[in-house]
Amino acid sequence: MSTVQLGLRYSAEHEWVNDETPTVVGITQVAADALGEIVYVELPEVGDTVTSGEVMGEVESTKSVSDLFSPVTGEVVAVNETVTDDPTLVNSAPYGEGWLVKVAVTQEGPLLTAEQYAQENGVQL
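The sequence shown begins at 1 in my numbering and counts up one residue at a time.
Hints were generated in silico from the structure; no laboratory data involved.
A hint or two may mislead.
[Stated by the list, open to error] Here are the simulated distance ranges between beta carbons: (1) THR82 <-> GLN119: 28 to 34 Å; (2) THR51 <-> THR21: 15 to 21 Å; (3) VAL39 <-> THR106: 30 to 36 Å.
Glycine is no exception: its CB is placed at the ideal position from the N, C-alpha and C atoms.
Generate the whole structure from the sequences, applying the supplied hints.
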């Protein structure tokens, strides 16, 4: 069963961010569960600029290929190479070891609280 983690904020496209500096970005367990077994992750490179609401990479699962949308605007300062080597971490630990990138944020896109995201996706906290 999918879970939503308190203390994070969420985009409508199923990405999460924390309040750290730099901001950590990942995809939600709701998205990971819907995708099925993730077999490939394409992420931006360190130094790339990502823009809120725009594609920053993709996730390929045994079911489909899905775009990753950036929930924030800023410069990518770290990429989780462990996830590119072992994409199944996105399924097994989407809020932990399965994080995707860290961004030096200059602007946030529209984000939901954990409660709002859970309600919109029919998931309990």
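Checked hints:
Under the hint 28 to 34 Å, the C-beta atoms of THR82 and GLN119, about 32 Å apart, fit the expected range. With their beta carbons about 19 Å apart, THR51 and THR21 fall inside the hinted range of 15 to 21 Å. Checked against the hint of 30 to 36 Å, the pair VAL39 and THR106 passes, with Cβ atoms roughly 33 Å apart.
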